[in-house]
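Q: Spelled out, the chains give:
Protein chains: 2
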Amino acid sequence: MAEHRIAIIGTGLIGTSIGLGLAAREGRNYELVGADRNRDNARTAKKLGALDREVGSLEEAAKGAGLIIIATPVMAARRILQDIGPYLEPGVVITDTCSTKGEVMRWAAEYLPESAHFIGGHPMAGKETSGPSAATASLFSGATWAVTPSPRAAERAVQVVLGLIETLGAVPLYIDPFEHDQYAAAISHVPLIASVALFRMVRDSQGWEDAALLAGPGFRDVTRLASGDPTMARDIMLTNREAVLHWIGRLEEELATIRRALEAGPEPIYDLFHSTQLDRDTFIQNPPQRRRPEGIEPPSARDAIGRMFVGGLYDRLKEASERPVRAPQDDAELRRKLGVEDDRL
Amino acid sequence: MAEHRIAIIGTGLIGTSIGLGLAAREGRNYELVGADRNRDNARTAKKLGALDREVGSLEEAAKGAGLIIIATPVMAARRILQDIGPYLEPGVVITDTCSTKGEVMRWAAEYLPESAHFIGGHPMAGKETSGPSAATASLFSGATWAVTPSPRAAERAVQVVLGLIETLGAVPLYIDPFEHDQYAAAISHVPLIASVALFRMVRDSQGWEDAALLAGPGFRDVTRLASGDPTMARDIMLTNREAVLHWIGRLEEELATIRRALEAGPEPIYDLFHSTQLDRDTFIQNPPQRRRPEGIEPPSARDAIGRMFVGGLYDRLKEASERPVRAPQDDAELRRKLGVEDDRL
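If you're matching them up, the sequences are chains A and B in order.
Mapping to our numbering: the first sequence position 290 is 290, numbers consecutive.
Mapping to our numbering: the second sequence position 157 is 157, numbers consecutive.
A hint or two may mislead.
Under the rule of at most 16 Å between Cα atoms (straight-line distance), these lysine to aspartate or glutamate pairs were calculated in the EDC-like manner [unchecked claim]:
(1) A:Lys127 / A:Asp229
(2) A:Lys46 / A:Glu31
(3) B:Lys127 / B:Asp229
(4) B:Lys127 / A:Asp229
(5) B:Lys46 / B:Glu31
(6) A:Lys127 / B:Asp229
To be clear about the criterion: a stretch of chain A counts as covered by chain B if any three or more of its residues have a C-beta under 8 Å from a C-beta of chain B, and this derived list gives those stretches [what the hints assert, rightly or not]:
(7) 87 to 98
(8) 184 to 195
(9) 212 to 219
(10) 229 to 236
(11) 255 to 264
Hint data in this document are derived by calculation from the structure and do not stem from the laboratory.
C-beta: ideal position from N, C-alpha, C; glycine also.
If we strip away everything but chain A, and leave its shape as in the complex, we get (with noise of 0.2 Å):
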């Protein structure tokens, strides 16, 4: 039984998400074991379904499994891949699901040992909430599901990942660690940011009490993320700060042209709303394609998981080394390419 199993280690909303969906798979051959530092979410976590067991230990979560899912705040996993390597079977899989990618691809070299196979990821999905209680099978449905793997992962245990993701109904994308914590810092790190300042800003004001009253569905969503995780919050600046303070000083620069369009009157600051607007209903109705990971055939939702355990997850995986990690010297054409070029990143 111990190859048809799969750990989930951290069971907040996005842990106890995964758990239901794998658990509601037809047919399902594995079981789900389950860890938690906060031993009750783990237990919320059962209770709601979302495992077959919890276990009071990484020891208990980790042996026997086929697959290992950390799915903590970024240091919490930091400690989880340091502590691990004692408890692993030869040819495990190991993924996450942390919010940033460079520090975990590193630390996965660092602490794991060359038998475990190591695919970083990033559900591009979330909630108002957090917590096991707020987990939902449908969180991933459709979401990109950023992918990471190591140099050394094999090609097999980049399928059982992909097959993972499918299975939760998102889609994966292929990307560099370092191309990753640059858009997600643009696009996820520095927007939570700014709903945190829109949020105090007006919190913090001695009207607050008078100008809650007034607050809409606008002023709820744009501080939506400020209801976040705080620890889930830190970690992320923590270890892609240079990127998100290379943001902020781009999001100030945007908030000075603004400034100036309205001080120069009714044209400039209708042309920049008007562009803004036809861009954004462009990007909503038109989102752009997803690639597939280029020459990986993924697996079908329906078989990914289920084939998992068959033909031997623990033969020794051959070594894959078509997918280097990015080398040091590309970043600087990436680098150019973000338009990232002063000294601040």
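Guided by the hints, dock chain B onto chain A, whose structure is given.
A: For chain B alone, kept in the frame of chain A given last:
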């Protein structure tokens, strides 16, 4: 039949949603007439059932109407208030739905004849998409609807507007126009600007096509307001510029605070995220209580509009002096309360 007529001028998202809500009222005893400078909008509104009749001029809309609802961007409302005078029935009740109230109240006082009763209004509701096709009868359900009566509006006229608001399922909030514009700048207009700035920041980067692939629900939520009608946005900024500039400055200060916390290390940034999360959760779970307009017993939602035309709305309504517009000397106190003491305001 003339006294049983409600005119909606401007049949975009808001005007058409009002029409749908009023049309749905059981046993209604009024005719719904609508006009829009873009006649296709009014035709769509009629087709959707929001109007009984669409007309092609301000004159046709106003003549014979007992209640006129101006649901246009602010600068268009100015032109309408300037032009509508000759067509008004004596005793007519006029209200609007514009996003700023100070200028609108000044224009109403300047342009409307004494026999008209003007009550400013601003429903705190909206949607990502604009235009009549996006309208729904439930748009205002549970929403706050700011109400700013002019000093010469009669109590009966205020009741008509409160009745309109309750018929649409919204909750009226009595507020001074200057105070409204300050609060709206903080809770609505600057969040709109931040939303636009966040979208432009990513859209204008060279990595946009790739970054957009990572966009999740968080990015869509924080940038939603950037898809709003650019004319409405421009008019907000033209009529509330000083307050908006003040609050942009406050937002920039908050970004600087977060930047400093980020540079100071794990604990300050955690504390900042944590306290903001607690404050926002409190706001969402226990939103501030709405106050009833003092001294006014709003009509019940069931009877409000029906009663409106009973008992002679066209009798010259008595002048009401209980609710004077805030005198200019009160502004100093309000500015202190809002923390807007610097020279930007």
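Q: Per the coverage rule (Cβ-Cβ under 8 Å, at least three residues), is the region 87 to 98 of chain A covered by chain B?
A: violated (count 0)
Q: Can the restraint linking lysine 127 (chain B) and aspartate 229 (chain B) be considered satisfied, given a maximum Cα separation of 16 Å?
A: Since the Cα atoms of lysine 127 (chain B) and aspartate 229 (chain B) sit roughly 10 Å apart, the hinted pair holds (cutoff 16 Å).
Q: Does the structure keep lysine 127 (chain A) and aspartate 229 (chain A) at a Cα separation of 16 Å or less?
A: 10 Å, holds
Q: Count the residues of the region 255 to 264 of chain A whose CB lies closer than 8 Å to any CB of chain B, then report whether that count reaches three.
A: With 6 residues in contact (Cβ-Cβ under 8 Å with chain B), the coverage given for the region 255 to 264 of chain A holds.
Q: Tell me whether the statement that chain B covers the region 229 to 236 of chain A is true, taking a Cβ distance below 8 Å and needing three residues at minimum.
A: Three-residue rule met by the region 229 to 236 of chain A, so holds; n is 5.
Q: Does aspartate 229 (chain B) lie within 16 Å of lysine 127 (chain A) when you go C-alpha to C-alpha?
A: Violated, at roughly 27 Å.
Q: Is lysine 46 (chain B) within 16 Å of glutamate 31 (chain B), Cα to Cα?
A: 12 Å, holds
Q: Are lysine 46 (chain A) and glutamate 31 (chain A) close enough, with their CA atoms no more than 16 Å apart?
A: Cα-Cα ~12 Å, so holds.
Q: Do three or more residues of the region 184 to 195 of chain A come closer than 8 Å to chain B, measuring C-beta to C-beta?
A: holds (count 10)
Q: Below or equal to 16 Å on CA atoms is what counts here, so check lysine 127 (chain B) against aspartate 229 (chain A).
A: 27 Å, violated
Q: If you count the residues of the region 212 to 219 of chain A with a beta-carbon closer than 8 Å to a beta-carbon of chain B, do you get 3 or more?
A: holds (count 8)
Taken one by one, the earlier hints fail for this structure at numbers 4, 6 and 7, listed in ascending order.
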